[in-house]
Amino acid sequence: MDTQITLRVDGADRPLTVDTRTSLLDAMRERLGATSAKKGCDHGQCGACTVLLDGRRVNSCLVLAVTAEGQEVTTSDGLAADGPHRLHETFVDHDAYQCGYCTPGQITSAAGVLAEAAQGWPSAVTEDLVADRTDLTDAEIRERMSGNLCRCAAYANIVPAVAQVAVEQGVRA
Amino acid sequence: MREFRYEKAIDPAGAVALLTGEPEGAYLGGGTNLVDLMRLGVATPDVLVDVRQLTSTEVEDLPDGGLRIGAAVPNADLAAEPRVRERYPLLAQALLAGASGQLRNRATTGGNLLQRTRCTYFTDTTMPCNKRDAGSGCGAVEGLHRNLAVLGATHEGPTSPHTCIATHPSDMVVALRALDASVRVLGADGERTVPIAELHRLPGDDPARDTTLAHGELITAIDVPALPWATRSRYRKVRDRASYAFALVSVAAALDLDGSTVRDVRIALGGVAHKPWRATVAEDALRGGPATEAAFAAAAEAELAAAAPLADNAFKVPMATNMITRTLVQLAEARA
Ligand SMILES: Cc1cc2nc3c(=O)[nH]c(=O)nc-3n(C[C@H](O)[C@H](O)[C@H](O)COP(=O)(O)OP(=O)(O)OC[C@H]3O[C@@H](n4cnc5c(N)ncnc54)[C@H](O)[C@@H]3O)c2cc1C
Ligand code: SF4
Ligand code: FES
Ligand code: FES
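Note that the protein sequences, when read in sequence, are chains G and H.
Mapping of the first sequence onto full-length UniProt numbering: residues 1 to 173, in sequence order.
Mapping of the second sequence onto full-length UniProt numbering: residues 1 to 336, in sequence order.
To be clear, the hints were calculated from the coordinates, so they are not data collected in a lab.
Just to be clear, a hint being listed does not mean it is correct.
Stated by the list, open to error - In silico DMTMM-like links for lysine to aspartate or glutamate, alpha-carbon gap of 25 Å or less:
no.: 1; chain 1: H; residue 1: K8; chain 2: G; residue 2: D77
no.: 2; chain 1: H; residue 1: K8; chain 2: G; residue 2: D26
no.: 3; chain 1: H; residue 1: K8; chain 2: G; residue 2: D54
no.: 4; chain 1: H; residue 1: K8; chain 2: G; residue 2: D13
no.: 5; chain 1: G; residue 1: K39; chain 2: G; residue 2: D77
no.: 6; chain 1: H; residue 1: K8; chain 2: G; residue 2: E72
no.: 7; chain 1: H; residue 1: K8; chain 2: G; residue 2: D19
no.: 8; chain 1: G; residue 1: K39; chain 2: G; residue 2: D26
no.: 9; chain 1: G; residue 1: K39; chain 2: H; residue 2: E3
no.: 10; chain 1: H; residue 1: K8; chain 2: G; residue 2: D2
no.: 11; chain 1: H; residue 1: K8; chain 2: H; residue 2: D50
no.: 12; chain 1: G; residue 1: K39; chain 2: H; residue 2: D124
no.: 13; chain 1: G; residue 1: K39; chain 2: G; residue 2: E89
Can you make the complete structure from the sequences, with help from the hints?
The structure is reproduced here in structure tokens:
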């Protein structure tokens with residue numbers, strides 16, 4: 001069933017007509033030419049499609065495009081609107097990828113992790129649930145990034161790439 | 001995926017009126033379960049009524065010291081809520097043990113309660129499954145069932161229309177069961193409150209039905225009553241990998257001690273039954289008795305005495321017994 005919507009992707013309003021069955025991920029990739037977010041599984045199991053929706057990381061494969069009207073969608077490309085994001089630079093510095101397919105999802109997810117830590121959100125490995133500050137230790141980064149799989153297993157380099165930005169942003173001791 | 005109409009209502013009553021008139025329609029929360037099942041061809045609604053922006057996203061204080069959680073509160077926000085972390089550590093931990101950061105940001109409290117089983121035959125439309133296709137039989141009972149139920153299941157063989165050994169996959173629900181939460185529901189005839197114990201059902205002779213809700217009934221909120229001693233509580237989950245996997249077995253427990261005597265205790269199990277399993281046999285055995293490892297283990301064994309495992313999930317029985325015991329030992333040693 002066709003519906004007219006306007007999606008706001010990486011700062012630009014993009015009107016389009018979509019079938020209600022279209023995911024946000026497919027609308028971006030197949031209709032708007034915004035191919036930064038990737039499709040790995042289409043079932044919420046890999047994180048390759050991660051985008052920020054009004055600043056919160058979500059799996060865009062499980063979001064119906066019609067439900068994202070009026071919300072700000074940010075992909076890894078969008079994070080580089082004013083030059084590379086610090087995460088882009090530390091991923092390069094730490095060689096935090098091999099094929100790169102999972103990387104835009106890793107980057108947007110890491111941006112989400114940093115924002116959640118800045119708000120003091122705990123995780124499953126946080127010892128003190130009521131602590132008001134989060135310290136993104138390696139164990140915390142691994143747990144919080146567990147929704148992003150990397151087929152090339154670049155995890156050993158992704159953790160320090162995220163950790164470096166966490167130190168710069170004051171959420172890691 | 002079947003074609004569907006996408007609808008928004010102006011208020012909860014409007015949503016109920018809309019869906020009540022659409023026998024094949026469904027509510028849409030975060031969509032993290034429903035959209036997946038639609039893509040798999042397991043769920044085939046012809047109308048989606050979006051309730052994510054319709055029900056409350058607030059966590060409010062109740063007069064008794066409990067909390068009212070709006071149905072649209074995202075799982076991530078509920079886990080991060082300071083009052084939940086302080087008053088109900090087991091609930092925050094259960095939420096944080098579920099899914100991934102991305103999914104928890106999108107998933108709602110109402111949707112989490114009503115997520116469907118992860119039985120692999122349920123999600124495969126080429127296989128027999130009484131839950132998906134009533135009367136077609138059960139592929140799991142003589143197939144892959146390592147992750148399925150050991151308590152309260154119906155097994156009458158693979159071709160019986162009653163057989164189902166599915167488990168409820170939610171972590172959050174296990175903590176809510178331990179906390180005796182209640183679910184506020186709006187239907188065409190008005191509002192009612194359903195104790196969480198009565199929301200989910202055992203498969204019985206009708207495995208197609210997960211819950212006691214009628215079509216069109218909308219979850220508007222979950223009430224969690226005050227339980228001051230829940231500050232000494234914990235959620236533990238055993239799974240095949242350290243993160244981002246469903247539970248094999250999980251335990252939500254709270255312990256109230258009077259010196260070295262158990263004044264009161266709450267224990268609920270996940271991953272073992274069609275609904276979150278409240279361990280009332282173990283609780284009754286422990287109340288008023290000594291808070292020792294031997295007593296915890298005996299109570300856990302008494303609870304699991306009713307287990308009827310199959311060939312490949314028998315490991316869950318000692319696993320559940322050990323987890324109840326270890327969790328209570330840890331709680332007894334912890335400072336409240
Ligand atoms: C890869 C993956 C891993 C996961 N791992 C875990 C895990 O480890 N532990 C865990 O607990 N969960 C896990 N989940 C499941 C996740 O928690 C659920 O998908 C989520 O909680 C569902 O919430 P939702 O708002 O997205 O629901 P939806 O998908 O929107 O809805 C689910 C059901 O609830 C109904 N519904 C929604 N809102 C209402 C309402 N207000 N009133 C009445 N009916 C309503 C819908 O019609 C639908 O039938 C995982 C999911 C995925 C995809
Ligand atoms: S266990 Fe239940 S859900 Fe799984 S195949 Fe059997 S009937 Fe279907
Ligand atoms: S493509 Fe969305 S999680 Fe894999
Ligand atoms: S770099 Fe290849 S999948 Fe992650």
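Non-conforming hints, listed in increasing numerical order:
1
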